[in-house]
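J.: One-letter residues, chain by chain:
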Amino acid sequence: MRGCARRIWGMMYRHLALYRGSWPRLLELAYWPTLQMCIWGFTASFLASRTGSPMALAGGLLLGGVLLWEVALRSQMGFAVSFLEEIWSRNLGHIFVSPLRPPELVAALIIMSMIRMAIGVLPAILLAWALYAFNLFSLGPVLILFFINLMIMGWWVALGVVSLILRHGAGAETLAWSVLFGVTPFSAVYYPVSVLPRVIQPLALALPSSHVFEGMRAMVQTGQIMWGHLAWAFGLNLVWLAAAAWLFAAQFHAARVRGALLSIGE
Amino acid sequence: MQAIQVAHLTKSYGTTLAVDDLSFTVSVGATVGLLGGNGAGKTTTIAMLLGLLVPTSGQIHMLGHDMARDRFRALARMNFSSPYLALPSRLTVAENLRVYANLYDVKHTERRIEELAQELNLAEFLNRPAGQLSAGQKTRVALAKALINHPEVLLLDEPTASLDPDTGDEMRTLLERYRAQHRTTILLASHNMAEVERLCSDVLMLKKGRLVDQGSPEELLARYGRDDLEQVFLDIARARGAGADAGVRA
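Protein chains in written order, with this note's numbering: chain A, 5 to 270; chain B, 2 to 251.
None of these hints come from the bench; they were simulated from the model. Backbone N, C-alpha and C define an ideal beta-carbon position, used for all residues, glycine too. Incorrect hints may have been included.
As the list claims (entries may be wrong) - Sample of chain A residues with no beta-carbon within 10 angstroms of chain B, all distances over it, derived:
#: 1; residue: 13
#: 2; residue: 21
#: 3; residue: 32
#: 4; residue: 38
#: 5; residue: 44
#: 6; residue: 97
#: 7; residue: 119
#: 8; residue: 131
#: 9; residue: 246
To be verified - To give an idea of the chain A side of the interface with chain B (calculated C-beta under 10 angstroms), a few residues:
#: 10; residue: 10
#: 11; residue: 89
#: 12; residue: 104
#: 13; residue: 171
#: 14; residue: 172
#: 15; residue: 202
#: 16; residue: 260
#: 17; residue: 263
#: 18; residue: 266
As the list claims (entries may be wrong) - To give an idea of the interface, some chain B residues facing chain A are shown, with a C-beta separation under 8 angstroms as derived from the structure:
#: 19; residue: 18
#: 20; residue: 48
#: 21; residue: 55
#: 22; residue: 64
#: 23; residue: 73
#: 24; residue: 76
#: 25; residue: 87
#: 26; residue: 90
#: 27; residue: 99
#: 28; residue: 105
#: 29; residue: 106
#: 30; residue: 134
#: 31; residue: 137
#: 32; residue: 194
Can you build the whole structure from these sequences, using the hints too?
T.: This is the structure in structure tokens:
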């Protein structure tokens, strides 16, 4: 294995060893997605039983929204929490005096976020299929493109959170759990962008997630793939990811100027 | 051949000067002590040598690498230990060492861990979580992490702080043995004068970020007319004694 790959694997091994020895951490990964699925699944079932087939379709859209939004949420938290683990264990100083380059650290955090997301979301998807006969995979191969876009969105949001932690210290760590929830109302997860007040719609359309969910709804309702929405989602993700990478690089350098890397957990 | 070359190193935070025009060199294989009171600039200097902190001005070359442009190649040949950092407490000692063996691209990881386990007496708790170790055991593990890549330069920030005298002595013995076997260059920041006298061939005395004196422990004792380095330290800290003025090198 080349040096770069070994360093990335070293960081991954650190987190995999942590999960291997801590079943509560593993359980926690699947806990919230499964809970969300149960709450919204039973709600949709109840409404469908009262109002008939139109509501059954709406229930499907709701469950699809819940499951796909969890992909973004878990990707973002998986990235940010893996970084926070280093602060909590007072290990960040050791890492930053090793030959690990910042892009390698980011790569390791991205791979860990994918693993954490899979462990968290797959049980919820299987549960939706078992309890409510809702098969997310029936969306077909386009589902992979939805997943990729939502994961990338999770990563750039997490990169922004990590940048704020580098800037403001561990005081900013609560953002790791809360920031993406704050974006939910503008992400068209459960309703179309057209429902939002007109002044808010440009904000919603600047988020890749809105285009993913608009595309998902169109797919469920008409069976058609809305390539335009997918193109917008990929394009916006590229722009946001570049902005977040620039912010991270700037804050990492600023932390080295301020001497914050040794005292970031305080 | 110089392992560490520092020229006109300065670090300021606003109007506060943490390190003020510091210049020194450390030869390959030497053990040099960085002494000074709280706020003298020892930790700031070490942080700059490690690339954790960007100097306001000045140059650092570690093993010939310019730390401003080429720090990752230098970092692969160095290591660091400090009681103010920790290793992930839920990982076992062996898992922690594997993590750092990967980060430092160490060949034959398991063999290296076995070597360190023998040299530093870690074998009995190699599979125990790092968080369950005593302070002395943790210090040995931190040293094992710092030696995992056979560092050519080892930076130690108060390596025996908060250890009882017996454990501190054990740590110093380990360091002496390792240096003798591997000819590692060591820069040691410490408040423990006896430790510095025992381990260091040269001492850099810092005060308010400035290098105020330097020399071997014997030279400093002779210059200040004192019996031990603690008295020399107090003379410099309080700016008194025979050598306090004569010895000052701005």
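J.: Non-interface claim for residue 119 of chain A: all C-beta distances to chain B beyond 10 angstroms?
T.: holds, 17 angstroms
J.: Is the Cβ of residue 131 of chain A more than 10 angstroms away from each Cβ in chain B?
T.: The claim stands: residue 131 of chain A keeps its Cβ more than 10 angstroms from every Cβ of chain B (closest is about 29 angstroms).
J.: Since residue 13 of chain A was said not to touch the interface, does its Cβ keep a gap of more than 10 angstroms from each Cβ of chain B?
T.: Contrary to the label, residue 13 of chain A does not stay out of reach of chain B, its closest Cβ about 6 angstroms off (not over 10 angstroms).
J.: Quick one: work out the minimum CB distance from residue 21 of chain A to chain B and report holds if it exceeds 10 angstroms, violated otherwise.
T.: violated, 4 angstroms
J.: Does the CB of residue 172 of chain A sit less than 10 angstroms away from some CB of chain B?
T.: Hint on residue 172 of chain A: violated, closest Cβ of chain B at ~17 angstroms, above 10 angstroms.
J.: Classify the hint on residue 106 of chain B as holds or violated, based on whether any CB of chain A lies nearer than 8 angstroms to its CB.
T.: Interface hint status for residue 106 of chain B: holds (5 angstroms vs cutoff 8 angstroms).
J.: Can residue 194 of chain B be said to touch chain A, with a Cβ gap under 8 angstroms?
T.: violated, 25 angstroms
J.: Given residue 137 of chain B was flagged as interface, is its beta-carbon under 8 angstroms from a beta-carbon of chain A?
T.: violated, 18 angstroms
J.: With chain A as the partner, please determine if residue 87 of chain B meets the hint condition of a C-beta pair closer than 8 angstroms.
T.: Holds, because the Cβ-Cβ distance from residue 87 of chain B to chain A comes to roughly 4 angstroms (cut-off 8 angstroms).
J.: Since residue 246 of chain A was said not to touch the interface, does its Cβ keep a gap of more than 10 angstroms from each Cβ of chain B?
T.: Per Cβ check, residue 246 of chain A is outside 10 angstroms of chain B; nearest 23 angstroms; holds.
J.: Hey, is residue 44 of chain A genuinely clear of chain B, shortest beta carbon separation above 10 angstroms?
T.: Since the minimum Cβ distance to chain B is about 34 angstroms, residue 44 of chain A lies beyond 10 angstroms and the statement holds.
J.: Going by Cβ atoms only, is residue 55 of chain B closer than 8 angstroms to chain A?
T.: Holds. Min distance 5 angstroms.
Violation of the numbered hints given earlier is confined to hints 1, 2, 6, 13, 14, 15, 19, 22, 30, 31 and 32; the remaining hints are satisfied by the structure.
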